[in-house]
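Sequence lines, in order, name chains W and S.
Using the numbering used here, you'd call the opening residue of the first sequence number 1 and step up by one each time.
Using the numbering used here, you'd call the opening residue of the second sequence number 404 and step up by one each time.
These are computed hints drawn from the structure, not numbers from a lab.
Even for Gly, the Cβ is constructed at its ideal location relative to N, Cα and C.
You may find that some hints are simply not true.
[Claimed, not checked] Some chain S residues judged to face chain W by a derived CB distance under 10 angstroms, without partners named:
#1 I419
#2 E455
#3 N456
#4 I458
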Amino acid sequence: MNAPVFTVSEINRHVKAMFDSELMMQSIFISGEISNFSNHYATGHMYFTLKDDKSAIKAVMFNRAAMKLRFVPENGMKVIVLGRVSVFERDGVYQIYVEQMQPDGAGALALAFEQLKKKLEKEGLFSPEHKKAIPRFPKRIGVITSPTGAAVQDIFNVISRRYPLAEIVFQPVSVQGDTAAEEIRNAVRRFSRCKGADVLIVGRGGGSIEDLWSFNDEALAREIFNCTIPVISAVGHETDFTICDFVSDLRAPTPSAAAELATPDINNLYLETASLTDKLYKSYKYYIDREQSKLSLLLSQRAFNNAEHFFDNEKLQLMNFENRLKQSMNGRLQKEAVRYSKNVTSLESLNPLSVLLRGFAFVSDENQVIDSAKKLHIGQQINISFADSAAFCEVLSVEDKKK
Amino acid sequence: MKKMTYESAMKRLEEIVSSLENGGLTLDDSVKLFEEGAKLAKFCNEQLKKAENKILSLDEVEEEV
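Let's have the full structure, built from the sequences with the hints guiding it.
See below:
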């Protein structure tokens, strides 16, 4: 036999040389479906098979290229790869050495988003039982967003309009670009550590999916999940959803909306204050009225009209009590009501003059209301004020009731 | 006494109103409560009127701790 005999190595080397001299094989796009996918943990290399309905080709993606992927390849996924077809001499197999891979159909970012969402959801990071309640009256509102742009202005404007009682703690960060996710993450961590606010607003204005990408960062999502302060996310517009939105305690459709969700409306607070003040006056007046009718009832009983059964002491005690009631109404209630009814118009119905209309009168001199005869001296000139009129009188005698 | 805030004043005012509404108080107590309530209502109103947001940096807030 004169024909030359080659070794296996020689043949494989020759075949490899044939592949490598074929220009088309050096950079080629191939579409197919992934199967037999294995991710080599130690090295980070990915091994898989690309197939269509009739045929298959082995594929390898080295860690240097694999680390740039924004999604995790899975069996059954349709992809387009870019790479070089060559021969692995040791095993005598040809394969494609993948440099880049894109999902065929949905974009890589959309796919990465879905994958991360699924993963964190499975871990329970989005579960309702982990959502913290947003406080009703935050003393401090933390704001993490870009110092430029409309979002920060919108947030400040809404807070100052709705709830000027709060302090705003502002931490400016980049909201897009390579460092953004890390800056936002650090800000969240710092707020959480020093408990620097009662509620946090994290967000930015609208933009493309690439612009909003920092808010789909896995580490940021975990930082928000672990944050001790309730977080309201406000990323982009109403239609934009990010991982941050899912992991936050509350998602706001826009930065302005986040500021609204973080604050009570001061107008409601005015109403609440007024309504409580109104209740305060009404309940107090009700109390006085009730005591007074009890007293009138007692005084009208026969025992008090019958001289024989008259107990001076008890009657005097009752009169004393009545006197105190009158003081309380004419003096305090009147003064307080006049002072506050300016602020609370609903109180006008409680005008203390109505007390006088029911037949009470009060005594005063030029300066003040006189609540005890002990403060009078014989011959002193005093006013007795009724609801519709007054009498000018002179004191004839002063008697102490307690004898 | 702790510095009164709008929130704590409103809370106390609510308590006072419900005590007065429930009754069973002596005259002196109810007068005292009413006076306290009237002061709180005034305080709340003033707080709302004079308020203006203060803006702080995270650095400042961290230094407080």
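Going down the list of hints, with the structure as the test:
no. : hint : result
1   : I419 : holds (7 angstroms)
2   : E455 : holds (5 angstroms)
3   : N456 : holds (5 angstroms)
4   : I458 : holds (5 angstroms)
The structure meets every hint from the earlier list without exception.
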